[in-house]
Amino acid sequence: MPAPITEREREDLRRLHAAGRSRNEIARELGRSGSTVSKLAASEGLSFDRAASVAPALEARRADLAAVRLDLIHRLYARAAAQLDRVEATVYVRVDLTAAGVPVEVESDHPPAQDERHHAQAISAYLTSAQRLADIDAGKGTGEVRSMLVDLARGIRAVVQEGDTEQEG
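Throughout, my numbering is defined as the position within the sequence shown, counted from one, plus 4.
Calculated directly from the structure, the hints in this document are not laboratory data.
Fair warning: there could be bad hints in the mix.
Stated by the list, open to error - Here are the computed distance ranges between Cβ atoms for each label pair:
1. Asp155 - Ser47: 24 to 32 Å
2. Val95 - Leu156: 50 to 58 Å
3. Leu88 - Arg158: 42 to 50 Å
4. Leu156 - Arg65: 16 to 24 Å
5. Ala70 - Asp16: 41 to 49 Å
6. Ala61 - Val108: 51 to 59 Å
7. Glu111 - Leu131: 23 to 31 Å
8. Leu153 - Ala64: 18 to 26 Å
9. Asp53 - Arg19: 18 to 26 Å
10. Glu92 - Leu69: 28 to 36 Å
Given the structure is predicted, the values throughout are model-derived calculations rather than measurements.
Where is the CB? At the ideal position from N, CA and C, for every residue including glycine.
Starting from the given sequences, assemble the full structure and let the hints guide the process.
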């Protein structure tokens with residue numbers, strides 16, 4: 005059976021918590037299990053929930069990533085437009101290899117079917133990628149993923165807490 009919690013440990017807990025130490029760091033320093041530290045912290049009105057302190061950093065990161073996505077969307081549309089301009093140009097220029105392996109520019113009034121297909125595939129890929137990036141910021145399809153991740157985190161937390169309780173007993 006573990007030794008009773010001393011007033012000194014309560015003071016140490018309050019001091020270390022105020023210093024921003026994690027539950028596990030405090031547990032190691034006090035020589036107690038994580039669940040004991042959690043229970044002691046709860047009895048002292050303390051919490052190890054760092055959501056409030058992390059939220060501004062997460063929001064800043066989210067905004068940074070949104071700006072990167074917007075830049076990528078513009079670049080993908082520009083690449084798609086450049087491919088389309090090349091296909092629709094009055095003179096189509098391609099590079100062929102001679103029998104000797106020397107590259108030579110060939111001009112025609114339209115692209116060969118194979119080139120047309122390759123350009124169409126590239127344009128489609130650029131536009132599809134741009135739309136997927138735009139959907140992220142529009143919130144389409146991400147709610148289910150966020151919900152799943154929250155549920156997963158809760159499940160992991162419950163398993164860890166059960167393990168801490170079993171280790172004490």
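Now for the hints, and whether the structure bears them out:
1. Between Asp155 and Ser47 the Cβ separation comes to about 29 Å, which falls inside the hinted range of 24 to 32 Å.
2. Checked against the hint of 50 to 58 Å, the C-beta distance between Val95 and Leu156 comes to roughly 56 Å, which is consistent with it.
3. Between Leu88 and Arg158, the C-beta spacing of about 48 Å keeps the proposed range 42 to 50 Å intact.
4. Taking 16 to 24 Å as the suggested C-beta distance range, the pair Leu156 and Arg65 conforms, at roughly 20 Å.
5. Between Ala70 and Asp16 the C-beta distance comes to about 43 Å, which sits within the given range of 41 to 49 Å.
6. For the hinted restraint 51 to 59 Å between Ala61 and Val108, the CB-CB distance of approximately 56 Å keeps it satisfied.
7. Distance hint check for Glu111 and Leu131: the Cβ-Cβ separation is about 28 Å, which falls inside the suggested range of 23 to 31 Å.
8. Taken as a hint, the range 18 to 26 Å holds for the pair Leu153 and Ala64, whose Cβ atoms sit roughly 20 Å apart.
9. A beta carbon spacing of about 19 Å between Asp53 and Arg19 agrees with the range 18 to 26 Å that was offered as a hint.
10. As the Cβ distance of Glu92 to Leu69 is approximately 34 Å, the hint placing it in 28 to 36 Å holds.
Violated hints: none; the structure is consistent with every hint.
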